[in-house]
Amino acid sequence: MTIEHWLRVWNYLPILLQGLSVNLALLGGLITVGFIIGVVVALLEVYAPPPLRLVAFGYAWIFRSIPEILLLLLMWFGPAQFGIKISPFIAAVLALGLRSSAYQAEIFRGALQAIPVGQALAARALGLSRIGAIRYVLLPQALRLSLAGWGNEFAVVLKDTTLAYAIGVVEVMRQARYIGSREFPLTLPAYITVALLFLILTYAGLFIIGKAERRLRIPGLEARR
Amino acid sequence: MSLVFSWDWLPRLSQGLLLTVQLTLLSMAFGGFLGLVLAVLRVYGRGPLYPAYLLASAYIHVFRGTPLLVQVMTFYYALPTVGVRFSPVVAGLLALTLNTAAYQAEYFRGAIQSVRIGQMQAALALGLSRLQAVRYVVLPQALRLVIPPWSNELIYMVKGSAVVYLIGVLELMGQAKNIAARTFRNFEVYIVVALFYLALILVLSLGLRWVERRMRVPGLGVSGRT
Amino acid sequence: MLLRVEDLYKRYGKEDVLKGVSFSLDKGETKVIIGPSGTGKSTLLRCINRLTEPDRGRIWLEDTEITSPKVNINRIRSQIGFVFQDFNLFTHLTALDNVRLGLIRVKGMSKKEATERAMAELARVGLADKARAYPAELSGGQQQRVSIARALAMDPKLILFDEPTSALDPELIGEVLAVMEGLARSGMTMLVVTHEMGFARTVADEIIFMERGVIVEQGPPEQLFRSPKHPRTAEFLRRITDLYGGEQ
Ligand SMILES: Nc1ncnc2c1ncn2[C@@H]1O[C@H](COP(=O)(O)OP(=O)(O)OP(=O)(O)O)[C@@H](O)[C@H]1O
Ligand SMILES: [Mg+2]
Numbered sequence: 001m002t003i004e005h006w007l008r009v010w011n012y013l014p015i016l017l018q019g020l021s022v023n024l025a026l027l028g029g030l031i032t033v034g035f036i037i038g039v040v041v042a043l044l045e046v047y048a049p050p051p052l053r054l055v056a057f058g059y060a061w062i063f064r065s066i067p068e069i070l071l072l073l074l075m076w077f078g079p080a081q082f083g084i085k086i087s088p089f090i091a092a093v094l095a096l097g098l099r100s101s102a103y104q105a106e107i108f109r110g111a112l113q114a115i116p117v118g119q120a121l122a123a124r125a126l127g128l129s130r131i132g133a134i135r136y137v138l139l140p141q142a143l144r145l146s147l148a149g150w151g152n153e154f155a156v157v158l159k160d161t162t163l164a165y166a167i168g169v170v171e172v173m174r175q176a177r178y179i180g181s182r183e184f185p186l187t188l189p190a191y192i193t194v195a196l197l198f199l200i201l202t203y204a205g206l207f208i209i210g211k212a213e214r215r216l217r218i219p220g221l222e223a224r225r
Numbered sequence: 226m227s228l229v230f231s232w233d234w235l236p237r238l239s240q241g242l243l244l245t246v247q248l249t250l251l252s253m254a255f256g257g258f259l260g261l262v263l264a265v266l267r268v269y270g271r272g273p274l275y276p277a278y279l280l281a282s283a284y285i286h287v288f289r290g291t292p293l294l295v296q297v298m299t300f301y302y303a304l305p306t307v308g309v310r311f312s313p314v315v316a317g318l319l320a321l322t323l324n325t326a327a328y329q330a331e332y333f334r335g336a337i338q339s340v341r342i343g344q345m346q347a348a349l350a351l352g353l354s355r356l357q358a359v360r361y362v363v364l365p366q367a368l369r370l371v372i373p374p375w376s377n378e379l380i381y382m383v384k385g386s387a388v389v390y391l392i393g394v395l396e397l398m399g400q401a402k403n404i405a406a407r408t409f410r411n412f413e414v415y416i417v418v419a420l421f422y423l424a425l426i427l428v429l430s431l432g433l434r435w436v437e438r439r440m441r442v443p444g445l446g447v448s449g450r451t
Numbered sequence: 452m453l454l455r456v457e458d459l460y461k462r463y464g465k466e467d468v469l470k471g472v473s474f475s476l477d478k479g480e481t482k483v484i485i486g487p488s489g490t491g492k493s494t495l496l497r498c499i500n501r502l503t504e505p506d507r508g509r510i511w512l513e514d515t516e517i518t519s520p521k522v523n524i525n526r527i528r529s530q531i532g533f534v535f536q537d538f539n540l541f542t543h544l545t546a547l548d549n550v551r552l553g554l555i556r557v558k559g560m561s562k563k564e565a566t567e568r569a570m571a572e573l574a575r576v577g578l579a580d581k582a583r584a585y586p587a588e589l590s591g592g593q594q595q596r597v598s599i600a601r602a603l604a605m606d607p608k609l610i611l612f613d614e615p616t617s618a619l620d621p622e623l624i625g626e627v628l629a630v631m632e633g634l635a636r637s638g639m640t641m642l643v644v645t646h647e648m649g650f651a652r653t654v655a656d657e658i659i660f661m662e663r664g665v666i667v668e669q670g671p672p673e674q675l676f677r678s679p680k681h682p683r684t685a686e687f688l689r690r691i692t693d694l695y696g697g698e699q
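Chains as they are written, first to last, in the numbering used here: chain A, 1 to 225; chain B, 226 to 451; chain C, 452 to 699.
Hints in this document: simulated from the structure, not taken from any laboratory. Check the hints yourself; a few may be wrong.
To be verified - Incomplete in silico selection of chain A near chain B, CB under 8 Å: (1) Pro67; (2) Glu68; (3) Ile69; (4) Ser87; (5) Pro88; (6) Phe198.
All residues carry an ideal CB built from backbone N, CA and C; glycine is no exception.
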């Protein structure tokens with residue numbers, strides 16, 4: 001590995017960045033899917049009648065226990081088996097999104113359960129319905145309390161997006177391999193560049209989330225540690 | 226479209242399961258040892274140990290801040306370009322170990338730091354050296370505190386180890402991929418493998434809960450985790 | 452008659468908490484409930500707006516039977532204010548938003564209208580300048596006054612107070628009691644659980660003494676304090692005077 005190799009990798013940087021943009025698109029998609037389903041699952045885990053609650057817990061457990069990469073393969077081959085065609089990208093968003101929903105549900109559930117019962121009582125005493133109390137009082141508080149855990153999850157799923165490589169999504173790792181197969185000596189510098197890109201994204205992301213957390217901070221509403 | 230399963234898959238998959246368990250346990254053990262050293266350096270690395278503290282911190286950030294897949298591929302595909310060659314299993318085990326070491330270091334650090342300062346001072350007051358105080362007072366408490374996050378990490382590693390099939394390691398996923406390639410029963414094979422993983426994780430979780438209960442010490446609380 | 456409670460029963464597990472409680476409240480009246488800890492005072496209040504479901508017995512608010520299964524309980528609750536011992540202000544909302552929430556989400560008021568109304572209520576409890584503060588930025592006494600404003604804003608027919616000053620530092624109790632006294636004087640109908648005997652004596656139209664799930668005795672403060680009919684009432688009053696310094 002020489003300086004010259006590094007300079008040559010520099011020329012490939014646009015290609016790597018293009019790959020990275022696919023990772024970021026995956027990230028956006030999977031976090032959204034995971035957030036929506038995660039909130040619903042958490043609400044079911046905390047407020048639904050026992051049979052539904054059990055289903056929600058079962059769902060979360062299964063999607064926390066199956067390896068991410070296996071979920072990707074299942075989501076890629078599963079629909080095809082039943083004659084439904086989806087692109088590798090969509091399959092990856094769904095698989096990683098479902099996985100993330102299970103973890104996000106865990107975060108939101110913890111937050112919901114950390115809210116003192118008096119908050120719900122006061123909401124109901126005002127005449128808010130059960131749904132109204134959840135919508136206007138409990139959920140807003142839970143979402144704020146979740147921000148720290150959510151930052152954690154961001155860092156995890158950002159890295160997970162590379163796993164989409166396994167079902168043929170042309171993301172940054174796939175691009176790095178292309179570079180390596182075209183110019184063998186560039187393999188190591190290319191991989192290290194990918195690693196650096198992730199380091200930057202991870203810590204920049206955590207920094208921004210930390211900033212957001214401070215800006216959204218409400219006195220008296222902090223995750224108790 | 227009907228689903229077709231076969232008992233013939235089981236011997237291969239069981240073989241794969243065994244390798245998955247071996248990879249997980251070995252990387253957890255080696256990674257745990259390395260992680261403990263890193264954690265101690267991060268907490269107590271002052272004075273002449275400061276360079277070691279910096280190295281430990283950098284190591285932890287790099288390995289936690291980059292994808293496991295990138296690490297695995299670097300060990301298997303990229304290092305040979307500079308003349309360092311490993312078999313798939315060794316490359317996989319190495320990457321998994323170095324990866325989990327960084328995470329475990331953070332759990333250990335959290336646990337060490339949550340052992341109250343007074344414990345260290347009481348030990349020093351007794352006349353123990355700093356090293357002895359860490360060894361006999363702080364670590365025994367920290368190790369108990371670390372069990373819950375450590376249990377999580379074990380489960381992460383069971384799942385993480387699946388990644389190494391991409392460099393040709395014949396653990397559970399690798400075996401599954403071969404069977405799938407031979408039979409064209411991709412979906413079915415992977416469903417069965419998912420059940421293998423669920424069973425493995427169920428057993429591990431129950432076992433860990435049992436251990437946790439046995440090791441509980443009254444008054445030595447476990448801090449909450451997200 | 453504004454509120455009528457008839458033969459109320461409530462049991463938790465093996466414990467009978469309310470054992471046939473009956474009383475009524477006229478419009479504009481303030482009644483104070485006193486009694487030892489664990490007697491079922493909070494349970495009684497919570498049954499009245501059905502935050503707790505009573506096992507047996509009936510409750511009417513004017514002509515509406517609250518305990519009827521057909522009743523729209525959210526509507527009823529919006530007509531009954533409730534002030535909690537530990538305030539329970541919504542942590543994520545400012546004082547103003549705490550007062551506005553019910554107006555907008557329950558009464559369907561426009562934001563503008565709700566803001567005006569909420570500001571008026573905050574002014575009434577002397578906290579107009581704290582409208583933008585979060586609960587954690589207010590003292591206990593201020594928090595409790597905001598929670599009273601939150602209840603008042605709904606135009607309730609009746610306000611229930613469950614030990615509104617018990618969680619407060621002694622020097623903050625006065626400001627809350629003063630607000631409550633003003634309310635009583637202005638003709639609000641109130642049912643107050645409290646250990647503040649001074650307040651009971653000067654503000655209540657009638658005192659209800661409860662013990663072990665039943666009403667032992669009720670009557671005007673003068674009579675109940677000077678010459679309790681029941682020996683258990685006398686005993687309780689003696690103990691509470693020792694504990695809280697009584698009088699004044
Ligand atoms: N949700 C509940 N589940 C089980 N038992 C309860 C519940 N709420 C109240 N109780 C029991 O009912 C009894 C009466 O409680 P309640 O809170 O009504 O008493 P109280 O008169 O308000 O007492 P205090 O002056 O201490 O507030 C107590 O013994 C209490 O333990
Ligand atoms: Mg009470």
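Quick rundown of the hints versus the structure:
A cut of 8 Å between beta carbons decides the hint on A:Pro67: the least distance to chain B is about 4 Å, and the hint holds. For A:Glu68, the shortest C-beta to C-beta distance to chain B is roughly 7 Å, which falls under 8 Å, so the interface hint holds. The beta carbon of A:Ile69 comes within 5 Å of a beta carbon in chain B, closer than 8 Å, and the hint placing it at the interface holds. Because the beta carbon of A:Ser87 sits about 17 Å from the nearest beta carbon in chain B, more than 8 Å, this interface hint is broken.
With 8 Å as the threshold, the beta carbon of A:Pro88 stays out of range of chain B, its nearest partner Cβ sitting at about 14 Å, so the hint is violated. Given the 8 Å rule on beta carbons, the hint for A:Phe198 holds: about 5 Å separates it from the nearest Cβ of chain B.
Hints 4, 5, counting from the list given before, are not met by this structure.
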